[in-house]
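Peer 1: So the chains spell out like this:
2 protein chains.
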Amino acid sequence: MVIEYDGSLYHGFQIQANAHTIQAELEEALLRLTGERVSITAAGRTDTGVHAVGQVIAINSELGIPPEKWGAALNSCLPPDIRVLSSEEVSADFHPRFDAVRKKYAYLLYRQRQREVFLRNYAWCNDEKLDIEAMKAACNYFVGTHNFKSFCAAGSAVKNYERRVESCVLHHQGPYLNLEIIAAGFLYNMIRIIMGTLVEVGRGRYPAAQVEKIIAAQDRKAAGVTAPPQGLYLLQVDYSGE
Amino acid sequence: MVIEYDGSLYHGFQIQANAHTIQAELEEALLRLTGERVSITAAGRTDTGVHAVGQVIAINSELGIPPEKWGAALNSCLPPDIRVLSSEEVSADFHPRFDAVRKKYAYLLYRQRQREVFLRNYAWCNDEKLDIEAMKAACNYFVGTHNFKSFCAAGSAVKNYERRVESCVLHHQGPYLNLEIIAAGFLYNMIRIIMGTLVEVGRGRYPAAQVEKIIAAQDRKAAGVTAPPQGLYLLQVDYSGE
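Sequence lines, in order, name chains W and B.
Quick note: the first sequence, position 99, residue 349 per this note's numbering, numbers continuous.
Quick note: the second sequence, position 157, residue 407 per this note's numbering, numbers continuous.
For reference, chain W alone in the conformation it holds in the complex (with noise of 0.2 Å):
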């Protein structure tokens, strides 16, 4: 099932005790449709007020709903926060985490005041002036691949920092920055942290061809703050074949 969520009240994707998750709002809603407790993998474990337009979660039934009307059936049971845009049957090997090829998040950057009421949980609302033309530039330093410990927050448990980035671009439209980035896989807040060294750049502290050296550094201290999370979005997973 391809899903989306509004993650602004949520305490992150993945279930844990005493909180209120994305995860466990779908298996209390597959619960109450089924009767069973359905458990759920997912491609992304997003974190807290982390928003998604298409993660994608696979569960195993043997319920005789039809493929295609699991989304409709679970959208009856789910808060209006979470809803499921797509459902289709996959074979009972998939995974969708272990299985994707690739994936592409945004960050969403808000540059003005006026109705930042309305974009405080789903922008990173930031009213400096920045140099945009810099931070264009800075994204470029970020595909290929490369080790980018420099990119993950410190105390992962990660043992291989190398990733490779496809694609990373910033458009600017108005009053809002969107970087679009792909990858087969990320880092820990590996994102969060490329858009807050992008806005260093935007800033001045440092010149876009800088990121070349703080990759190179292998250190967290080199590189920008992480960015909050509300501006952080799961756009698209794709798999082989597609």
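If you're looking for bench data, these hints aren't it; they were derived computationally from the structure.
Just to be clear, a hint being listed does not mean it is correct.
Identical copies look the same in the list; a pair holds intra-copy or inter-copy alike.
[As the list claims (entries may be wrong)] Mimicking SDA-like on lysine to any residue, the simulated pairs with C-alpha atoms at most 20 Å apart in a straight line are:
id, residue 1, residue 2
1, K319, D377
2, K463, R287
3, K354, Q364
4, K319, E286
5, K354, F368
6, K354, R365
7, K386, K463
8, K319, Q362
9, K319, Q364
If you're wondering where the values come from, they're calculated on a predicted model, not measured in any experiment.
Take the given structure of chain W and dock chain B to it, following the hints.
Peer 2: Below, chain B without anything else, positioned relative to chain W:
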């Protein structure tokens, strides 16, 4: 002061016992800032769930805060879904409602299922097939001075139903339909009933020209449904000399 707010979590603007309202939040912030009970007058009393980007409020204070500094001062005491955009000194007899010469509202309709999780509190999410050209044509019948009793919530205590609509235009952009309407004043629920009636025209329930007959009927039952509150925005209030 010109203020904006996300009305999603409020029982409307006006203060009332045991309800979370915009006015109560503003008066509480003023109490915290000034140590005094300061009462507020406002240009319009928006309903539960209705938003504003250009509400105008006035207060009377002897405090030595310079007029243009009130915004920043109050914002430090207000929740993030209410913001003061600007503040200026006015004459002692200024009244934001009685002195208003013109108000502009918008009503936003969102026409697709995708990304509805983000729009559910900010637009009428309605993916029915609608004849937009017929709706645009119907808008013209609202312009001018008419008795708008058919477009006033039943039970309203008002005596005079005559209002002059200066402008009523439906903008169509991608998945959005945005009605912008300007008048010196509006009846209770007038814009939401106009929007509900436009949607009936869009559905083909009656032709655009029927609006003329609905106005002439002077009967609430002749018009369409009351559109839901979350699509309505108080955009701007004008005063003479502006």
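Peer 1: Hint by hint, say whether it matches the structure.
Peer 2: Hints, one by one, checked against the model:
1. K319 to D377: between (45 Å within a copy, 19 Å between copies)
2. K463 to R287: neither (50 Å within a copy, 57 Å between copies)
3. K354 to Q364: So K354 and Q364 pass the 20 Å test across copies only (17 Å; inside, 29 Å).
4. K319 to E286: within (18 Å within a copy, 59 Å between copies)
5. K354 to F368: Cα proximity of K354 and F368: across copies only (19 Å, versus 25 Å in one copy).
6. K354 to R365: The answer is between: 16 Å across copies meets 20 Å, while 27 Å in one copy does not.
7. K386 to K463: Only inside one copy: K386 and K463 sit 17 Å apart there, 57 Å across copies, limit 20 Å.
8. K319 to Q362: So K319 and Q362 pass the 20 Å test across copies only (19 Å; inside, 42 Å).
9. K319 to Q364: Answer is between; shortest inter-copy Cα gap is 17 Å, intra-copy 42 Å.
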